[in-house]
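A.B. asks: Single-letter residue listing:
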Amino acid sequence: MLDNMKNSTEKPTLEELFDSKRLHQPSLSASSKFDDDVKIRTLNSFHSYNSLKTNKYLILFTVLFFSCIPFYYFLLSDVSVSNKSVITYTEQKSSILVEESSQNSKLSDDLSSSEFEYVENSYLVSSSTDYEKSFALKTMVLENDTQLYTSISLDDDTFNSQEMSHNHTF
Amino acid sequence: MDASIDKRKLVTNCDIDDLVESAISGNFEAFDSIMVHYRDRLFGVIYNMTLNHSDAADLTQETFVKAFRSISKFKRKSSFFTWIYRIGVNLTLTFLKKKRSKYFFSFDQFFGNTSNSDSQLFLSKENSSVKNTLLNELHEKLNEALSKLSDKHRTIVVLYEIDGISHKEIAEIMNCTEGTVRSRLHYAKLQLQSLLSDYVR
Chain Z
1 MLDNMKNSTE KPTLEELFDS KRLHQPSLSA SSKFDDDVKI RTLNSFHSYN SLKTNKYLIL
61 FTVLFFSCIP FYYFLLSDVS VSNKSVITYT EQKSSILVEE SSQNSKLSDD LSSSEFEYVE
121 NSYLVSSSTD YEKSFALKTM VLENDTQLYT SISLDDDTFN SQEMSHNHTF
Chain D
1 MDASIDKRKL VTNCDIDDLV ESAISGNFEA FDSIMVHYRD RLFGVIYNMT LNHSDAADLT
61 QETFVKAFRS ISKFKRKSSF FTWIYRIGVN LTLTFLKKKR SKYFFSFDQF FGNTSNSDSQ
121 LFLSKENSSV KNTLLNELHE KLNEALSKLS DKHRTIVVLY EIDGISHKEI AEIMNCTEGT
181 VRSRLHYAKL QLQSLLSDYV R
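Chains Z and D are the protein sequences, given in the same order. For the first sequence, this note's numbering assigns the number 1 to the initial residue and increments by one for each residue that follows. For the second sequence, this note's numbering assigns the number 1 to the initial residue and increments by one for each residue that follows.
Honestly, I wouldn't trust all of these hints.
What the hints assert, rightly or not - No farther apart than 25 Å at their CA atoms in a straight line, the calculated lysine-lysine pairs in the BS3-like style are these: (1) 11/Z - 77/D; (2) 168/D - 189/D; (3) 97/D - 131/D; (4) 39/Z - 131/D; (5) 131/D - 98/D; (6) 97/D - 148/D; (7) 98/D - 77/D; (8) 148/D - 39/Z; (9) 75/D - 168/D; (10) 99/D - 141/D; (11) 66/D - 131/D; (12) 131/D - 141/D; (13) 11/Z - 99/D; (14) 77/D - 148/D; (15) 141/D - 73/D; (16) 56/Z - 73/D; (17) 98/D - 148/D; (18) 97/D - 75/D; (19) 77/D - 66/D; (20) 73/D - 131/D; (21) 152/D - 168/D; (22) 148/D - 99/D; (23) 73/D - 39/Z; (24) 97/D - 11/Z; (25) 73/D - 11/Z; (26) 66/D - 33/Z; (27) 66/D - 152/D; (28) 152/D - 141/D; (29) 66/D - 99/D; (30) 56/Z - 152/D.
Note that these hints are calculated values from the structure, not bench results.
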């Protein structure tokens, strides 16, 4: 039928052809299954999306957990190495001090190398003034063989409470 | 059938934005109404892009599934219609890229009701059955010519000439400038004119 049209003068324009095409658009209204299919697919996609999301977190957690294990062992080995070095350092320092004490006659009289032990103080010095106040020595009096000193200590709960003096004798 | 008619009435009477708001808050019924409102038009566009009924139905379903899943990301910078069309067009272009054109040149199986405006058609003197046969053959030729265009050119022709979307909206859907849309449309129509020179003026 179109072959006859080739020689005909009565041809449609391209715009008219588009218009006729627009009028004969295919429709999904006849397909009642469409809506149900969309619902099923939407629910399925949500289910797979959620399970994928859960699996993603599980995988991430597992990877993080296993990657932490070597790091933990690395830290442990580092601590043991540093402890060893402190012990070695302390032993060296002790022997040096014992040597020095042997050169000092007074010290050598009082101490023997077996009684002497050098201890490395690793505590941090506190910059808190409250802490310093609470342990400050006010006076220290030395009398012959007896050492007597008076200290002031502040009550922690009531900061401005009365000062308490203690006499220690030894 | 009655239910779908009711849903259509609901969409026509209510503001589509309210339905979108409701769908964003997770109301599937609202989304269902939106779907009924847009599905035929979207299916028509996708069908003219793929020229295959089952592929078009599948892609239309996929468009709505994707739209419902990501409706919370809809920022209202464009209209909902543009947004859902963009999803559909992008999905179809990706599909066509993968498939690389094994088109059916089948007759349209789902003719809608023809309106009185048919009288403006060029074949007014012909009787109905002859007219339909000739129309079908012409549509087949048009599909054949459309399939020879690139995916992007065909999409623009379908959106502008068949679906009646403006240049500006096509530019938003296809993420390009209006100038690009006009240029592609002009080039595509020249190509179609040349391909259909035996059948159109």
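A.B. asks: Are the hints correct? Go through all of them and say.
C.D. replies: Okay, the hints, checked on the actual structure:
With a C-alpha separation of about 44 Å, the suggested pairing of residue 11/Z with residue 77/D is violated against the 25 Å cut-off. A hinted pair counts as satisfied when its Cα atoms are at most 25 Å apart, and residue 168/D with residue 189/D qualifies at roughly 18 Å. As the CA atoms of residue 97/D and residue 131/D are separated by approximately 36 Å, the hinted pair breaks the 25 Å bound. Our distance criterion of 25 Å between C-alpha atoms is broken by residue 39/Z and residue 131/D, whose separation comes to about 39 Å.
Among the hinted pairs, residue 131/D with residue 98/D is inconsistent with the structure: their alpha-carbon atoms are about 37 Å apart, more than 25 Å. With a CA separation close to 14 Å, the supplied pair residue 97/D and residue 148/D stays within the 25 Å bound. About 30 Å separates the Cα atoms of residue 98/D and residue 77/D, which puts this hinted pair outside 25 Å; it is violated. Between residue 148/D and residue 39/Z, the direct Cα distance comes to roughly 35 Å. Violation of the 25 Å bound is thereby established for this hinted pair.
Taken as a hint, the residue 75/D and residue 168/D pair is honoured in the structure, with Cα atoms around 19 Å apart against an allowance of 25 Å. Pair hint residue 99/D plus residue 141/D holds up; C-alpha atoms about 22 Å apart against a cutoff of 25 Å. At roughly 40 Å between alpha-carbon atoms, residue 66/D and residue 131/D are farther apart than 25 Å, so this suggested pair is violated. The straight-line distance between the Cα atoms of residue 131/D and residue 141/D is roughly 15 Å, inside the 25 Å bound, and the hint therefore holds.
Restraint check for residue 11/Z and residue 99/D: the C-alpha separation of about 35 Å exceeds 25 Å, so the hint is violated. Annotation: proposed proximity of residue 77/D to residue 148/D is violated, straight-line Cα distance about 34 Å (limit 25 Å). A C-alpha spacing of about 41 Å is found between residue 141/D and residue 73/D, which places the hinted pair above 25 Å, so the restraint is violated. A threshold of 25 Å between alpha carbons decides the hint, and for residue 56/Z with residue 73/D the separation of about 21 Å falls inside it, so the pair holds.
Proposed proximity of residue 98/D and residue 148/D is supported: the alpha carbons are some 17 Å apart, at most 25 Å. The hinted pair formed by residue 97/D and residue 75/D fails the criterion: a straight-line CA distance of about 28 Å is larger than 25 Å. Restraint check for residue 77/D and residue 66/D: the C-alpha separation of about 18 Å stays at or below 25 Å, so the hint holds. For the hint pairing residue 73/D with residue 131/D, the CA-to-CA distance comes to about 47 Å; that exceeds 25 Å, so the pair is violated.
With a CA separation close to 16 Å, the supplied pair residue 152/D and residue 168/D stays within the 25 Å bound. Between residue 148/D and residue 99/D the alpha-carbon distance is near 15 Å, which keeps this suggested pair within the 25 Å criterion. For the proposed pair residue 73/D and residue 39/Z, the alpha carbon gap of about 20 Å is at most 25 Å, so the pair holds. Between residue 97/D and residue 11/Z the CA atoms are separated by roughly 34 Å; this puts the pair beyond 25 Å, and the hint is violated.
A C-alpha spacing of about 48 Å is found between residue 73/D and residue 11/Z, which places the hinted pair above 25 Å, so the restraint is violated. For the hint pairing residue 66/D with residue 33/Z, the CA-to-CA distance comes to about 18 Å; that is within 25 Å, so the pair holds. Distance check on the hinted pair: residue 66/D and residue 152/D sit about 21 Å apart at the alpha-carbon level, within 25 Å; holds. With a CA separation close to 19 Å, the supplied pair residue 152/D and residue 141/D stays within the 25 Å bound.
With a C-alpha separation of about 20 Å, the suggested pairing of residue 66/D with residue 99/D holds against the 25 Å cut-off. A threshold of 25 Å between alpha carbons decides the hint, and for residue 56/Z with residue 152/D the separation of about 36 Å lies outside it, so the pair is violated.
Checked against the numbered hints above, the structure violates hints 1, 3, 4, 5, 7, 8, 11, 13, 14, 15, 18, 20, 24, 25 and 30; every other hint is satisfied.
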